[in-house]
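Q: The primary structure of each chain is shown beneath.
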Amino acid sequence: MAVKVLIPTPLRNLTNNQAEVSAEGNSISEIIDNLSKNHNGLRDRLVDENGKVRRFVNVYLNEEDIRFLQGEGTAVKAGDTISIVPAIAGGK
Amino acid sequence: MAVKVLIPTPLRNLTNNQAEVSAEGNSISEIIDNLSKNHNGLRDRLVDENGKVRRFVNVYLNEEDIRFLQGEGTAVKAGDTISIVPAIAGGK
Amino acid sequence: MSYVKALKCRECGQEYEKVAKYVCEFCFGPLEAAYDYDKIKKDISREKIAARPLNIWRYRELLPVEGTNYNTLEEGYTPLIKADRLGKELGLKNLYVKNDCANPTHSFKDRVVAVASTRALELGFDTLSCASTGNLANAVAAYGARGGMKRYVFIPSNLEKGKVIASLIYDPKLIGVNGNYDDVNRLCSEIAGKYKWAFVNINMRPYYAEGSKTLGFETAEQLGWKAPDQVVVPMASGSLLTKIWKGTQEFIKVGLIADKKMRMFGAQATGCSPITTAYKAKTDTFRPVKPNTIAKSLAIGNPADGYYALKTINESNGGAEMASDEEIVEGIKLLARTEGIFAETAGGVTVACLKKLAESGALDPDAVTVAYITGTGLKTQEAVADHLNQVQVIQPNLEAFEATQLTAVS
Amino acid sequence: MSYVKALKCRECGQEYEKVAKYVCEFCFGPLEAAYDYDKIKKDISREKIAARPLNIWRYRELLPVEGTNYNTLEEGYTPLIKADRLGKELGLKNLYVKNDCANPTHSFKDRVVAVASTRALELGFDTLSCASTGNLANAVAAYGARGGMKRYVFIPSNLEKGKVIASLIYDPKLIGVNGNYDDVNRLCSEIAGKYKWAFVNINMRPYYAEGSKTLGFETAEQLGWKAPDQVVVPMASGSLLTKIWKGTQEFIKVGLIADKKMRMFGAQATGCSPITTAYKAKTDTFRPVKPNTIAKSLAIGNPADGYYALKTINESNGGAEMASDEEIVEGIKLLARTEGIFAETAGGVTVACLKKLAESGALDPDAVTVAYITGTGLKTQEAVADHLNQVQVIQPNLEAFEATQLTAVS
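Top line first, the protein sequences correspond to chains A, B, C and D.
Using the numbering used here, the first residue of the first sequence is number 1, and each one after it goes up by one.
Using the numbering used here, the first residue of the second sequence is number 1001, and each one after it goes up by one.
Using the numbering used here, the first residue of the third sequence is number 2001, and each one after it goes up by one.
Using the numbering used here, the first residue of the fourth sequence is number 3001, and each one after it goes up by one.
One or more hints might be untrue.
[To be verified] Subject to a maximum C-alpha distance of 25 Å in a straight line, what follows is the list of computed BS3-like cross-link-like pairs (lysine-lysine): (1) C:2048 to D:3082; (2) C:2280 to C:2311; (3) C:2356 to C:2282; (4) B:1037 to B:1077; (5) C:2194 to B:1004; (6) C:2150 to D:3021; (7) D:3048 to C:2082; (8) C:2093 to D:3150; (9) B:1077 to B:1004; (10) C:2356 to C:2088; (11) D:3150 to C:2088; (12) C:2161 to D:3161; (13) C:2088 to D:3173; (14) C:2253 to B:1052; (15) C:2048 to D:3226; (16) D:3093 to C:2150; (17) D:3042 to D:3260; (18) A:52 to D:3282; (19) D:3088 to C:2173; (20) C:2311 to B:1052; (21) B:1052 to B:1037; (22) C:2150 to D:3161; (23) C:2282 to B:1052; (24) C:2082 to D:3150; (25) D:3048 to C:2048; (26) A:4 to D:3194; (27) C:2226 to D:3048; (28) D:3290 to A:52; (29) D:3021 to D:3005; (30) A:52 to D:3280; (31) D:3311 to A:52; (32) B:1052 to C:2280.
No lab work stands behind these hints: they were computed from the structure.
Throw the hints in and build the complete structure from the sequences for me.
A: This is the structure:
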C-alpha cells in the first residue's frame, strides 16, 4: 500500500529535489525503512541506530504528530500523507 | 442681580476660605469689579491694570469659557454660576 | 541637597517655598523651579554625567528634587535614531527621531511623573493623583505603585475600555467622572485644594514640568554634547516645547554644550491648533478651541503654556504647523514604513508637520534635525485600524501562496 | 570581521559554512554558531564594552555577524530593576526584574530579529520573513522596514485584529494562512526551501537564536560584571533559557566575569508545559501537547529546544514550574501592583512561577535572583480585561467624590 511522503528541503538532495515521493508500508517504521529503497541514505537521516525517529525530526501523519498517535508503530493506509518536518524555532 | 462665583484654592485666603461667594453685576467685568467689595484685593488678582482677565486665569460662565462668549463683556443673569480656574497643565 | 533655590512666578517673579504649589497667589502666573546655575556650573561635568546610570537622573543637578532616593523605573535615555530613510523621503539629510516609546509605560509622561512622584515622596505625600485621558494616567498608576503610594486617577467616564485597562492593571482607584476632560480637571483642582494629595499635573506641576527638560538634555548628549539645529515637537499645552528649549539653554548656561541658535518648531493637530493658529496669525493671544482630532493626547483647547511656547518659537526663529486627521494617519504610517517605529497619534502629528515644514522650506534640509516621538502606537491603534492594507488570506500550501503572491515575488 | 568559525551541528558536530542553513543534513540536529573564544578572550574587555553604545551590539564579538553595519533600532540594554516590593511579597531579598518591554517593538524578539536581519543583509537577502502569531511578526515587520527590506509575515488567518494592526502598520505583506500555527510554520518551511528569503526563525535560526544571549550578557554587566545566582525564564521552545545560560557561560569563558554556578529555572503555562512536565517526571523525552493557555507566546506544544533546556536546568541544579491561566493573570497583576510594570501573559507565567518556586523553597531567598519579563502587556490586554477592578463613576463635583470615596480617603 503506497502513501505520499513530503520531503523537507534539507533532504531533497537525496530525492532528486523532489518535494514529494511515495513509499510502501503498513506502519510509519515500515514506510521509513522502505524510503531508502529508492532514495539511498534517507532512512539513516530520519532514525537513529535503534530505529527511533531522531530527536529533532517531526513526523506527521495527515497533519497529526505521530507522537500523539502510536509513534513509529502507527498504522498507515492508502491515501495517507506523511510529512517530515525539522523542528522549527519559535516562542521563547 | 446676584450670581454665584466659585473661588479656586489659591484665592481662598481672600474669601475667608469660602469656596463659593456671591456678587452683583450684569456682566463678567461688573461681577469682577464688585468682588472686591466684600473680598479686599480679589479683583486685582484676576485682572490686569487695563481690566483684562489675566493671561493665566480662566473664567467660565456656566461651564463655558468666556473667551468663547463675549469675554469680559459677557452678560450674566440671576442664577448663573461663574467659575474661576487657574490654567492646568496637561498634554505636551 | 538641591540646586533649586525656590519656586518662582514666571510672570511677576514672586518667590515661594519648594512645596506643592503651582500658581502665583498674586498674578496667577505659573510657578517654576529656580536654580542656582552658578553653583551647578561648578559642580557638573560631562564626565560626571557620563558615569551615571542611563536614566533621567543622570542630570540630577538640573532636576527639582532634594535627595537621591529616586522613584524610578529607569525612565529616559531613550533611543535617538538616525532616520535616513525617512529623511530621504522628506529631503532632510540629517534627520534623527527621538523615540520615547521605549519608556516604562511607553510615553514621555514617565519622565515627568518620575520627577513629580519623587518630589511628592520627599514632601511626605502618600497619595499620587492626576487627571488624564491616557498616557499620564498609565504613568501615575505605575509610578504610584512603584513608590508604594496610594493612587487616585481621574478620567472621563466615557473613555474606551482599552485605555482603561492599561491604568487599571496597576490597581489604582480609577474614578470615571461624568463629563469631559475639562470637568475632570476642574474637579481635581477642587480635590487638590482640600486633600493633601500630590496631583502631578496640578499642585506638583512645577516639579512635573521640569521632567520634560530631560528630552533636551539627552538629545544634546546623544548628539555628542551638541544641540541640534532644529527640532519638531508636538504641542498640547505647549509645555514640552518650552521645556526642551529650557533644558537646552540650561546645558549652554552651565557650560556642558556650546551656545547655539536652536530653532523650535511646534506641531499641532488641525482639529486643535490654538498655538499654531496664533503663530500663523502673528498674534500672541489665543482663542481657545473645542478639540476635534484623533490626536487625543494633544486635544487641549486652552493651552496653559501656549504663550510661552509661542514666544519660544518666535524668538528661536522657528515655526509651527498643523496636520489633519488624514495627514496624522499618513504620518504614523510613513514613520513605521521607513524606520520601523510605531508612534501614537501625537507622533503622527509630529511626522506630518515635519513633512510639511520640510516641503515648505521652513526647515533647513542640511541641518541636524530632531523629531520627537512621544509615545507608542500600541495605545492608539483604533486611529489607524481602518487605514491599513489588508491581510491576504490563503490556504496552507505552496500552490495557494504562489497563486496569490507570484507577482510580488521576484 | 567575525569571531564565528562555522555553523556547527549541536548533535553530531558536523560543520557548515556561515550561510542561511539551520538543520544538519546528517542528523537533523540544530546548527549553532561556533566561536573562536580564545581570540575573543584576547580582544574583549569590560572597558571596551562599557565605552560602546547601549544596545545589544556592545557585545559584538559574541554575536554572529561579520561587519558593523547593524540593522538596529537600539534594541537591548533594557532596565534591570531592583524589585524590593515584589521581593518582599515573595520572601526574596535580592530580586531583580529584567524588563524587555522597553525594546523598540516592546518584546525581546527585537534582540533576535536585529541579529537575524543584520546577518540577512550581510548574506545579500532582500526579503525578511517569519511565521508568528504576535511579537515576532511585529519585530520582523519593523526591522524589515528599518533595513529597507521586503517583508513577508505569515500568521494564522484567525488572529485577532488588535495583534494584526501592530504588524500591518509597518506595511509588510501580511499573509493569513487558513490553519493553525503549525500549518503556518510548515508552509513557511516549504517557502524557505524554494525562495531566497531570510526566514528569521527557520533558515536564519542559528543567527536569530544567538540574539537571546544578550539578555544574559546585559544581566551580568548590569549587576556589576557578576552573574546572578538564580534566574527564572519563560519557556516555549526552551531556546531563551538555553541562550541566557550560554551567554553567561561565554562571559565566564572569555574572562569578563568570574565563574559561578548560576541556577536556571524554567517557567511554563500549565496549558502547555511539555518541558516542565518532563522535568517533574525526571525524563528526557517530551510528549508534545496541544496548547491550551492564555499565554499564546508560550503556546508551542512541540518544543524544538526542549531537550537542551531540560539539560541546562538539570545540570545547573535549577528547576521548572508551571502556572494556570488564573495564576498567570494574578502574576501580571502582582507585578503591576508592586513594581509598576505591565507584562504580557508570558511575564505573568514568569512571575507566577517565581512565586511558586519561592514558596516551595526551590529558590534561595537570599540569593541574587533575576526574573525575565519578555514583553509588554499592551499586546495581551484581553487576557486581563475581565479580571480587574472596575472604574467608579461619579458626577463631576466634590460632593459626589466624597460620597463615594470617603471611606478610602484618609
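Q: All the hints need checking, so say for each whether the structure fits it.
A: Tested hints:
Straight-line distance between C-alpha atoms of residue 2048 of chain C and residue 3082 of chain D comes to about 23 Å, which keeps the hinted pair within the 25 Å bound. About 13 Å separates the Cα atoms of residue 2280 of chain C and residue 2311 of chain C, which keeps this hinted pair within 25 Å; it holds. For the hint pairing residue 2356 of chain C with residue 2282 of chain C, the CA-to-CA distance comes to about 19 Å; that is within 25 Å, so the pair holds. The hinted pair formed by residue 1037 of chain B and residue 1077 of chain B meets the criterion: a straight-line CA distance of about 20 Å does not exceed 25 Å.
Simply put, residue 2194 of chain C and residue 1004 of chain B have alpha-carbon atoms about 20 Å apart, close enough for the 25 Å limit, and the pair holds. Restraint check for residue 2150 of chain C and residue 3021 of chain D: the C-alpha separation of about 54 Å exceeds 25 Å, so the hint is violated. Between the alpha carbons of residue 3048 of chain D and residue 2082 of chain C the distance comes to roughly 23 Å, so the proposed pair stays at or under 25 Å and holds. A distance of roughly 24 Å separates the Cα atoms of residue 2093 of chain C and residue 3150 of chain D; the hinted pair therefore holds under the 25 Å criterion.
About 10 Å separates the Cα atoms of residue 1077 of chain B and residue 1004 of chain B, which keeps this hinted pair within 25 Å; it holds. Between the alpha carbons of residue 2356 of chain C and residue 2088 of chain C the distance comes to roughly 14 Å, so the proposed pair stays at or under 25 Å and holds. The hinted pair formed by residue 3150 of chain D and residue 2088 of chain C meets the criterion: a straight-line CA distance of about 18 Å does not exceed 25 Å. A hinted pair counts as satisfied when its Cα atoms are at most 25 Å apart, and residue 2161 of chain C with residue 3161 of chain D qualifies at roughly 16 Å.
For a cut-off of 25 Å, the pair hint linking residue 2088 of chain C to residue 3173 of chain D stands: about 23 Å separates their Cα positions. Annotation: proposed proximity of residue 2253 of chain C to residue 1052 of chain B is violated, straight-line Cα distance about 36 Å (limit 25 Å). Between residue 2048 of chain C and residue 3226 of chain D the CA atoms are separated by roughly 24 Å; this keeps the pair inside 25 Å, and the hint holds. Between residue 3093 of chain D and residue 2150 of chain C, the direct Cα distance comes to roughly 24 Å. Compliance with the 25 Å bound is thereby established for this hinted pair.
For the proposed pair residue 3042 of chain D and residue 3260 of chain D, the alpha carbon gap of about 21 Å is at most 25 Å, so the pair holds. Among the hinted pairs, residue 52 of chain A with residue 3282 of chain D is consistent with the structure: their alpha-carbon atoms are about 20 Å apart, no more than 25 Å. This hinted pair checks out: residue 3088 of chain D and residue 2173 of chain C have alpha carbons roughly 23 Å apart, not beyond 25 Å. As the CA atoms of residue 2311 of chain C and residue 1052 of chain B are separated by approximately 20 Å, the hinted pair is consistent with the 25 Å bound.
Of the supplied pair hints, the one linking residue 1052 of chain B and residue 1037 of chain B holds, its CA atoms being roughly 19 Å apart against a limit of 25 Å. With a C-alpha separation of about 35 Å, the suggested pair residue 2150 of chain C and residue 3161 of chain D falls outside the 25 Å cut-off, and the hint is violated. Restraint check for residue 2282 of chain C and residue 1052 of chain B: the C-alpha separation of about 20 Å stays at or below 25 Å, so the hint holds. Our distance criterion of 25 Å between C-alpha atoms is met by residue 2082 of chain C and residue 3150 of chain D, whose separation comes to about 20 Å.
The straight-line distance between the Cα atoms of residue 3048 of chain D and residue 2048 of chain C is roughly 19 Å, inside the 25 Å bound, and the hint therefore holds. With a C-alpha separation of about 20 Å, the suggested pairing of residue 4 of chain A with residue 3194 of chain D holds against the 25 Å cut-off. Taking the CA atoms of residue 2226 of chain C and residue 3048 of chain D, the gap is near 24 Å; set against the 25 Å cutoff, the hint holds. In summary, the hint linking residue 3290 of chain D to residue 52 of chain A is supported, as the alpha carbons are separated by about 22 Å, within the 25 Å threshold.
Distance hint between residue 3021 of chain D and residue 3005 of chain D is fulfilled; the C-alpha atoms sit about 15 Å from each other, no more than 25 Å. About 24 Å separates the Cα atoms of residue 52 of chain A and residue 3280 of chain D, which keeps this hinted pair within 25 Å; it holds. For the given pair, residue 3311 of chain D sits about 20 Å from residue 52 of chain A by alpha-carbon distance, which is consistent with the 25 Å threshold. With a CA separation close to 24 Å, the supplied pair residue 1052 of chain B and residue 2280 of chain C stays within the 25 Å bound.
Of the numbered hints listed earlier, those contradicted by the structure are 6, 14 and 22.
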